[in-house]
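Undergrad: Residues per chain, in single letters:
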Amino acid sequence: MSLLEIEDLRIEFPGEEGQLVAVKGVDLAVEQGEVLGLVGESGSGKSLTCRAVMQMVPEPGAISAGAIRFDGEDVLSLGKSKLRDFRAHSVGMIYQNPFGSLNPTMRVGAQIAETLKVNRGMKRDAAKKEALALLERVGIEDPEHRMRAYPHELSGGMCQRVMIAIATASSPRLMLADEPTTALDVTTQAQILKLLARMRAEEGMAMLLVSHDFGVIAQACDRVAVMYGGHIVETGPVETIYHEPEHPYTRALLNSVPELDSAGNVQRRAALAGHPPELADVIPGCVFAPRCAHAKPECEAVSMKLQELRGDHATACPVRPFAGAGADGGSKAERIEA
Amino acid sequence: MLTYLVKRLMISIVVLLGIAVASFLIIHLVPGDPAKIQLGIHATPEAVERLHHQWGLDRSWPAQFWLYLGNIVTFNFGQSTAFSSGVSELIGNRIGPTAVLLVYGILIALVIGVPLAIVAALRQGGVVDNAIRILTTFTFAMPPFWLGLMLALLLGFELKWFPVSGYESGISGILRTCTVPALTIGLGLLVIIVRNLRANLVTVLHSEYIEAARARGYSELRVVGKHAMRNSVIGVITILASIFGFMVGLLVLIENVFQIPGAGTLLVQAVAKRDYQLVQTLVFLSGAVVVVVGFLTDVAYAWLDPRIRLQGRG
Amino acid sequence: MSATPADIAAPLPRPRRRSALAFVKAWPTSVKVGAGIVGVLTLAAIFAPLIAPYGPNAIDPFALLQSPSSQHLFGTDDTGRDVFSRTLYGLRLDIVLCLLVTYVPLPFAVLVGAIAGYFGGWIDQVVSRLADIMISFPFIILVMAIVAIVGPGVEGFLIGVPIAAWALYARLARAEMLVVREQPYMMATTALGYSKTRAILKHGLPNVLRPCLVYSTIDLIGNLILLAGLSYLGFGVQPPTAELGSIIAGGQGYLLTAWWIATLPGLVLVLFGVGIGLIGEGFSDRGLERGGR
Numbered sequence: 001m002s003l004l005e006i007e008d009l010r011i012e013f014p015g016e017e018g019q020l021v022a023v024k025g026v027d028l029a030v031e032q033g034e035v036l037g038l039v040g041e042s043g044s045g046k047s048l049t050c051r052a053v054m055q056m057v058p059e060p061g062a063i064s065a066g067a068i069r070f071d072g073e074d075v076l077s078l079g080k081s082k083l084r085d086f087r088a089h090s091v092g093m094i095y096q097n098p099f100g101s102l103n104p105t106m107r108v109g110a111q112i113a114e115t116l117k118v119n120r121g122m123k124r125d126a127a128k129k130e131a132l133a134l135l136e137r138v139g140i141e142d143p144e145h146r147m148r149a150y151p152h153e154l155s156g157g158m159c160q161r162v163m164i165a166i167a168t169a170s171s172p173r174l175m176l177a178d179e180p181t182t183a184l185d186v187t188t189q190a191q192i193l194k195l196l197a198r199m200r201a202e203e204g205m206a207m208l209l210v211s212h213d214f215g216v217i218a219q220a221c222d223r224v225a226v227m228y229g230g231h232i233v234e235t236g237p238v239e240t241i242y243h244e245p246e247h248p249y250t251r252a253l254l255n256s257v258p259e260l261d262s263a264g265n266v267q268r269r270a271a272l273a274g275h276p277p278e279l280a281d282v283i284p285g286c287v288f289a290p291r292c293a294h295a296k297p298e299c300e301a302v303s304m305k306l307q308e309l310r311g312d313h314a315t316a317c318p319v320r321p322f323a324g325a326g327a328d329g330g331s332k333a334e335r336i337e338a
Numbered sequence: 339m340l341t342y343l344v345k346r347l348m349i350s351i352v353v354l355l356g357i358a359v360a361s362f363l364i365i366h367l368v369p370g371d372p373a374k375i376q377l378g379i380h381a382t383p384e385a386v387e388r389l390h391h392q393w394g395l396d397r398s399w400p401a402q403f404w405l406y407l408g409n410i411v412t413f414n415f416g417q418s419t420a421f422s423s424g425v426s427e428l429i430g431n432r433i434g435p436t437a438v439l440l441v442y443g444i445l446i447a448l449v450i451g452v453p454l455a456i457v458a459a460l461r462q463g464g465v466v467d468n469a470i471r472i473l474t475t476f477t478f479a480m481p482p483f484w485l486g487l488m489l490a491l492l493l494g495f496e497l498k499w500f501p502v503s504g505y506e507s508g509i510s511g512i513l514r515t516c517t518v519p520a521l522t523i524g525l526g527l528l529v530i531i532v533r534n535l536r537a538n539l540v541t542v543l544h545s546e547y548i549e550a551a552r553a554r555g556y557s558e559l560r561v562v563g564k565h566a567m568r569n570s571v572i573g574v575i576t577i578l579a580s581i582f583g584f585m586v587g588l589l590v591l592i593e594n595v596f597q598i599p600g601a602g603t604l605l606v607q608a609v610a611k612r613d614y615q616l617v618q619t620l621v622f623l624s625g626a627v628v629v630v631v632g633f634l635t636d637v638a639y640a641w642l643d644p645r646i647r648l649q650g651r652g
Numbered sequence: 653m654s655a656t657p658a659d660i661a662a663p664l665p666r667p668r669r670r671s672a673l674a675f676v677k678a679w680p681t682s683v684k685v686g687a688g689i690v691g692v693l694t695l696a697a698i699f700a701p702l703i704a705p706y707g708p709n710a711i712d713p714f715a716l717l718q719s720p721s722s723q724h725l726f727g728t729d730d731t732g733r734d735v736f737s738r739t740l741y742g743l744r745l746d747i748v749l750c751l752l753v754t755y756v757p758l759p760f761a762v763l764v765g766a767i768a769g770y771f772g773g774w775i776d777q778v779v780s781r782l783a784d785i786m787i788s789f790p791f792i793i794l795v796m797a798i799v800a801i802v803g804p805g806v807e808g809f810l811i812g813v814p815i816a817a818w819a820l821y822a823r824l825a826r827a828e829m830l831v832v833r834e835q836p837y838m839m840a841t842t843a844l845g846y847s848k849t850r851a852i853l854k855h856g857l858p859n860v861l862r863p864c865l866v867y868s869t870i871d872l873i874g875n876l877i878l879l880a881g882l883s884y885l886g887f888g889v890q891p892p893t894a895e896l897g898s899i900i901a902g903g904q905g906y907l908l909t910a911w912w913i914a915t916l917p918g919l920v921l922v923l924f925g926v927g928i929g930l931i932g933e934g935f936s937d938r939g940l941e942r943g944g945r
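Chains as they are written, first to last, in the working numbering: chain A, 1 to 338; chain B, 339 to 652; chain C, 653 to 945.
Worth flagging that the hints you see were computed from the coordinates, not collected in a lab.
These figures come from a predicted structure and were not determined experimentally.
In this text, a Cβ means the ideal position worked out from N, Cα and C, and glycines have one as well.
There may be inaccurate statements among the hints.
[What the hints assert, rightly or not] So the derived label-pair ranges between C-beta atoms look like this:
no., chain 1, residue 1, chain 2, residue 2, range
1, A, H152, C, P858, 34 to 44 Å
2, B, K345, C, F771, 52 to 62 Å
3, B, I509, A, S81, 40 to 50 Å
4, C, K848, A, H152, 34 to 44 Å
5, C, W679, B, G463, 12 to 22 Å
6, A, L76, C, L695, 38 to 48 Å
7, B, F413, C, Q777, 26 to 36 Å
8, A, K123, C, R862, 52 to 62 Å
9, C, Q777, B, P369, 27 to 37 Å
10, A, H152, B, I509, 21 to 31 Å
11, B, P383, C, L695, 52 to 62 Å
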């Protein structure tokens, strides 16, 4: 049994002309101790899916169908106090903006201690000591001094470390990380990813890492799910997805990652033409078809259900224009065609 | 923080000087001879002369202003002609009830206003929110003196819970005589507290750190009552300070409705009896107290909000 | 004339000038309700001489302290005057005085603030500090001080309010001008070589004016309550002239025996205030958040 199972999740927003569907039947599973990357452009529904696990879909949006199970227990039917308990102990969450997710009027030490007091029932002094230890553990130098700092006195990287300390304070079994490194510079980004990897190894927790950046996903994840227009379009082990992407969208996304060529110059390959679909757009069949270079007439009748290929690899594209070809081979072939 | 406060202090002193000038001008802008107006048409020239000397009107304007400033600093505000006693003493005796009424009124405004604002913010756009909006629109449109009369009619005459006017000291006396006036003041302040706090809370409740606090499994009570309010308290203090002048004005009206022997009734008597010395002093003090409260708020604000406190340190 | 379906479907591309009806239809509900209340009360006030069943000072010694009836809608006072008629005349006087005192000084105050905001420097310093000083005085106390100078009566109100109120508008206009000054279209006026007068008057002022006008609706109620309050204290409109505050003051002594004298004119004042409040709120949700004074 997987640690987290999401089944046919739908998230809708009320629109002027009927409901707008932002997440359209997502299936997802996170195993014990695994890091699953959820990658896609902004507006693909990846953050919403992540928030849905906490039942924190921003209003007026709401989960309209589907099931979310944590350790076999239905999360969506949890009562108020059970839900709080679930948020407090089972799952930790960190966000894109580390400044914004800390209370600007409280010292960071007090914010960590608060979690320990409220969620772990610690006494004041014990909580203070533990907070200090946690700060040290997430790699903040001079923690006695930093305890007394306010968020705006710390750098973005340090704030994110504090957030990680808070999120892991009650040893959750799952960490939800919503673009945790997007707001940080590249060096700090690498440090935070390393810290997350270490915390995960030490705590043995699983992680759902949401990002638009394939580079981040490739560094940190075991498995990847690619999301587009409210659907998961491809999922598989990170190696497989990176080297043998099946879905044309995955391939296009990979092509937009800058790489160093043999001469050491940054090469940015062809970016994807067109725009991701708007919420109000209703596209029959495959949602990617309008932007797809390999679209065929029958794509309008595609169900968007994932089809198992081999092992753990599944794609929602029945056309499979690159079947068997590696990532590089495919794009080389494309270039020759062009 | 120090540079910030020093700057605020300098501005406050400049404004205080301006207030002194403005109040100084009162006695000089009276058309005709203020001494004659005060003493009436049957005044003897000697009496007029005496009053001129007492007010310093026989000196040059700069000399008079210098004298006036000196008097302000030493709290020597001269003699009241209408009450035949010292102005400082007179005001000192009357300030107690005014302060009691002010504090009591603010307390009632907060006790009613803060929960309403929280409910409205949590149910933004809902029926309750709209009901609160309409209620505050009504309290806003009510002339405070009329509201006071209506409350006196209802709680005093009809229900006989409270006396209709007068003042008694001591806790039980204050509760008996000041509750209805303070309720009037509280309702007068209600709209400002509820609207501002609600808007502030709505912004804060949508912020990321509130979501992050919820994601930690904290109770709504903790999320709203501690995390959101912590930020909004600063807003409430700012609002209360910014309307301090309005509150003082409110006091003048309400004291007169309920015949409370405070500084407000004193001012009305002074204006009615054309006791210029007393009017001048009360006008100066009312302006000065607003400036001082404003400055103290800046200090409190700097102390409460770490972002300001640390400004100027780096 | 009957409309065919084609007629109804046709006017899709809206003409620039919309009909007055369409303009009204686009208002938020609260504005419609508010405008309705204010409209009815204003009409009643304008046509007070036609509507009022009695003169404002007509004494009837045989109808003292009569409770409300079909003859005397709001009852009568201690000298047998019809409270309803007095209320209409009082409202009329209040509205006229408050409109005068709110809108006559407004353009000057806004101009002063706009100039301070546009030029900055010492002009700004002087205007801002002067405004600080005026705003420090509790409004009603400042007006009372002026009453102490000029003597009780309407003059104190008419002189005192502009002296105190200009500072609020100047401050608001200054703050808006600071923003407007940095807008591309204002920068462009310099680039185009327009004179500063033209830049401020033609391009800056209209943009600065709007928030001031929204605020003025709240200010109008403030002045209405202030005038009534001053008259209640005996420093505003002097009896026997009918004015809402002085009618209420006159009724205070009869609260127990003739509640209607103080209550009903006050209710009319509240209704008028609510009407204006609804209009102001509809046009700006944040209107009242700026606080009173």
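Undergrad: Could you work out which earlier hints the structure fails to respect and list their numbers in ascending sequence?
TA: 2, 6, 10
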